[in-house]
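The residues making up each chain are set out below.
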Amino acid sequence: MSETTLGGLAGRMPKFIRRADPAVLTAFACIVILLLLGSLYSRSFLSPEYLLQQLKVASFLGVIATGMMLVILLGQIDLSVPWSVAAGAMMACAAAAYGPAGVALAIPFGVLCGVAVGIVNGIGVAYLRIPSMIITLATNAVAQGLMVVYTGGFSPQDSATAAMRYLATGFTIPGVPNAVIIWALIGAAMVFVLTRTSFGRAVYGIGNRERAAYLSGIDTRRIVMIAFAVSGGLSAFGGVLLAGYASKAAQSMGDAYLLPSIAAVVLGGTSILGGRGSYLGTVAGVILITLLQSILSVMQMPEAGRQIIYGVVIVAMLLLYGRAPASR
Amino acid sequence: MKDWRYLLAEQRGTLLALGIFIVMFIIYTTNHPAGFTANVVQTAANKGVLLAFVAMAQTLVVITAGIDLSVGMILLLTNCLASWLVVGTPLQTALGVIAVLAAGLVCGAINGAIVIYGRLQPIVATIATGAVYYGIGLLLRPFPGGSVNEDLADALTGKLFDVIPTSLVALLVVVLVVWVPFSRSEFGRAAYAAGSSETAAYMSGVPIRRGKFLAYALAGLLASVGGLFLTFFTYTGEAAYASGNSYTLFSIAAVVLGGVSLFGGKGSAIGAIFGALAFRTIGDLLFVFDFDPLWQPLFQGVILLIAVSLGAFALFRVRNRLEWFL
Chain A
1 MSETTLGGLA GRMPKFIRRA DPAVLTAFAC IVILLLLGSL YSRSFLSPEY LLQQLKVASF
61 LGVIATGMML VILLGQIDLS VPWSVAAGAM MACAAAAYGP AGVALAIPFG VLCGVAVGIV
121 NGIGVAYLRI PSMIITLATN AVAQGLMVVY TGGFSPQDSA TAAMRYLATG FTIPGVPNAV
181 IIWALIGAAM VFVLTRTSFG RAVYGIGNRE RAAYLSGIDT RRIVMIAFAV SGGLSAFGGV
241 LLAGYASKAA QSMGDAYLLP SIAAVVLGGT SILGGRGSYL GTVAGVILIT LLQSILSVMQ
301 MPEAGRQIIY GVVIVAMLLL YGRAPASR
Chain B
329 MKDWRYLLAE QRGTLLALGI FIVMFIIYTT NHPAGFTANV VQTAANKGVL LAFVAMAQTL
389 VVITAGIDLS VGMILLLTNC LASWLVVGTP LQTALGVIAV LAAGLVCGAI NGAIVIYGRL
449 QPIVATIATG AVYYGIGLLL RPFPGGSVNE DLADALTGKL FDVIPTSLVA LLVVVLVVWV
509 PFSRSEFGRA AYAAGSSETA AYMSGVPIRR GKFLAYALAG LLASVGGLFL TFFTYTGEAA
569 YASGNSYTLF SIAAVVLGGV SLFGGKGSAI GAIFGALAFR TIGDLLFVFD FDPLWQPLFQ
629 GVILLIAVSL GAFALFRVRN RLEWFL
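Residue numbers (our numbering), protein chains in the order written: chain A, 1 to 328; chain B, 329 to 654.
What the hints contain is simulated information worked out from the structure, not anything from laboratory work.
All C-beta atoms in this analysis are idealised placements derived from N, C-alpha and C, irrespective of residue type, glycine included.
One thing to keep in mind: the hints can contain errors.
[Said to hold, decoys possible] Stretches of chain B that chain A covers, calculated by requiring three or more beta carbons in the stretch to come under 8 Å of a beta carbon on chain A:
(1) 582-592
(2) 625-633
[Claimed, not checked] Ranges of calculated distance between the beta carbons of each label pair, as one might list FRET restraints:
(3) B:537 / A:53: 44 to 50 Å
(4) B:570 / A:301: 39 to 45 Å
(5) A:299 / B:570: 24 to 30 Å
(6) B:363 / A:152: 53 to 59 Å
(7) A:97 / B:423: 54 to 60 Å
(8) A:303 / B:365: 39 to 45 Å
[Unchecked claim] If you only want the chain A side, here are some residues facing chain B, beta carbon under 10 Å, derived:
(9) 82
(10) 124
(11) 142
(12) 255
(13) 272
(14) 304
(15) 307
(16) 312
(17) 318
(18) 324
Here chain B stands alone, though its shape is the one from the complex (with noise of 0.2 Å):
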């Protein structure tokens, strides 16, 4: 095979996760009252940005094989905490803006530490810690308020020239910082590794912990990115515990949309990003073709039930029926 082709090959999760959401956006603007106008691209950017953010971060820990179920918590409590802390003069916004995404950090470092070193299995382990940080989030905020140092969410909810919606530049600028250099770093091939399997890369000597343990931290980092937009766009700190699940599972069905293989090893946070754009515009569909909202939750879960199921087409390709058993 040509270099090309190997390429190709790599990137077709992602290529299709861009193929979808650009074929609904499409449908989805066309039938926009509106059209294909800078609003309506800003609108979309800025639901999409979000999950856009917590599916990164779910992408993360999916490619060592795990699984995130506190991720949509860690988005509530860095939302709680941001309508504290992100307040005041430019300089008290940006230590607050520090500090809310040390504390995601944090929070990210103890999942990452109870699943690597306390060797508990992920899912246990994030419901558990889920549990704590919605609490910590509900002390922050027992009832919907506080505020936000407005500019600064006007300025990164706006648009860049009037033309481009800055949250995507926001979106690009953390996927160049985060994701670029941990993915082309020798933890990030180690999270891979240990992904696909972890025996072989211990036996190669990989540092796949230190790979884990920096893919948990990470993710928490990035949730907390998407609190902080969160408490952007709604000016408020709330601690819903039905916001915080929806997000954790929809973060689950962008990482399916996006190509990451849940078996670990396989995929990339750009078609996590795709999937969670194409997810969202789905969803929004409903309404440019004036359905009742009351059906929104049913669509979104049907959506997200076959797109699980896509991945029973593999068991086509399965020759040896004793591979059906991982």
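So here's chain A without its partners, still in its complex pose (with noise of 0.2 Å):
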């Protein structure tokens, strides 16, 4: 995997097309009716500018459902995205404001700050064997409590370093900005993980069955604990890019991601019960999210109204490809 993501998609195309999963096929198909009827209603809806636009907007999610995905890969799930990537991005911003030491560390913090909330995670669902729905509940909840405690309730009026304002909105290749490169990057590596590594291999392992995973030699506990880890850890860097594309954080601004992150991965086939899924259906997931949020603001519809279109789809799209076997 020397080459990039986008180089490694089009060499690797014909066999994508011969064993295409339906659930990709159908997300694809239907970014292209939402960029078909956004067209409809917009005519600069198609330019090269918007639709760059929307990718940039898209990265943010990108990089906090790969942390899902692997989740979900495994079984489980994450509901501490919300404050995790709210203490990424308030622990970034506030070592920002400990001298030039603390501007050059404000990154590593903010995702480290992830990765402990991840691992606390991981220590409940693989050690002490904690449903995941409801540890990371938990987890959220402290973090939360962490934060509120921290800030006096109120957003912290540090901002964010000039780092994270260029990772977030910069452009290194004249044209594509800086935000979609990073996660055409995690999820190039995130693909070669998945492929091509024994670590991949086990996640989707235990995805099928746990127990039989670890019958064959698979420390399973391990690679659970590493995988919540590594979620926590996007969950805060997505946090440390939006602190950097809006300046400064907020202290409900990981709220309305929770529910994308879930939806983008699972809209992407892969199974909620782990085991089964692609990356490539990932990101078709997240850019089928983000072009619907996206229209759905050129509507001007108010936030009640997309919350219910929001939810109404993704219950939608489920009920086509994501039901489980009938019992028998």
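Need the complex rebuilt from these two chains, each delivered in its own frame; the hints are there to steer you.
Below you can see the structure in the form of structure tokens.
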């Protein structure tokens, strides 16, 4: 995997079409339909600038959804995303207030805070055998509590460092926003880990049947723990990028990313029960969700209508292809 | 074993929750500046009862080995609806109450239909329907406001014979009307059986689908009772995202404290009620000990974390490592 993601995708395209997952195809078909609908509504919808802008907005969700996908592939779920995102953003901004060293370490510190949340999740799920849904809700509450105590209940006044702003809004390659490049790099790394390493195989194995994976000599608890730590770290990194984008952190900045990240992964054909799914699907899901959000906001749909359409679309699409087998 | 020992083993979770609640409440009232008076009990009851209704709702679903992450949003939606409908003459008010309860039942039934007949995972399905219910609530009340029939509200949040909080009586009535008949019916047993082992229940010809569906629908109904009471306490309707989320979260905490197994098939709504009252009392302990209210979210989060980690003690009883993986 020395080539970039785009190159990698093009090289393997025939294979993808041969064994294409119907769910991934459906997701891509929906993207095309959304683009057509959008272009009917406004001419500028298909312009490269607009599409690139959408891709940039999608990359924040893409980074967060990458972590979520890893956890969902295990058959678990990470509901601590909202405050992992906020904690990452707030802690990175807070570190920036401590002189030059703080500025230099702002991004790693923010990500580490997310990893810490993820490790608590991982210990709970892997070693204490607490259902992931419950322990991640609890750590989310604890992270929220810590942030409320730290900020005094208001949005923190510290602002993002120049590096964070550069990562989120700058351009290294002319025309391609840095955020998109970061998403592509993280995506490429994820594809590599999932398809080319024993860790990735173990993730799929555990998702299919943890007992069988354990009996074949995989240290399943360590794998689950690492997956949760990575998910927490990526959520926090998403938060760092978001803070760079908005140039500061806010109290409930992560709330808007829980449902979309789960939805993006699941709409991309990854089974919520674990063990099945491809990163390409997640990419499709992320773009699909971002376009849907964008069209709703272009149409000036109020928040209430957005939430309703959002929930209905997710349920409807899952009913199309995300159903569990009937009990027989 | 004797009969009573079976009974004790069956009710251990509930009794433990009752014990925690009594200890916490004694600590709370002895340190409260006003002491153990009817007014203190009334305030505590009013706050606790709200969570108790939502926790009961969550229990019904958790018993079937599912989870309902939309209970808080159903509470918000019915709160917003009640702030429009539960007004006017006694007849209009009564119709309004019925409409609000029916709305809750419909929300729950939609969840149930999607999860059982649509065969989607309860977590994803209820997060998505929760977004829809929140959206509808926001449509009804873009800004906090509205009103409620204040005579009814005062009657249901006041004191009976100047001693007993009416909200506790209402809670008792709901338990007797909803939970007791459900848990003793064929469908209630089916819900327990489905949570304990769906395949075995299916093979034995238990009506698991109808049992689970009824559990989800009644959960919506109970959440709407909570929504009604929220309106009675605040006199307004408000679609606050954070508040809906925290009710969902606290309902799970209450259920766990109340000895209901998250793997399904074990526990009772009575336990969850005491779990809810205990959780509320623990949260309020901070106030009587004069802590900064800013610490409250962290304190509640830590309690939640400890409560859910307690279940890990069962690991010590595991003899075969393969039992780790359910």
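- Task: Any hints from earlier that this structure breaks? Give me their numbers in increasing order, please.
- Result: 4, 6
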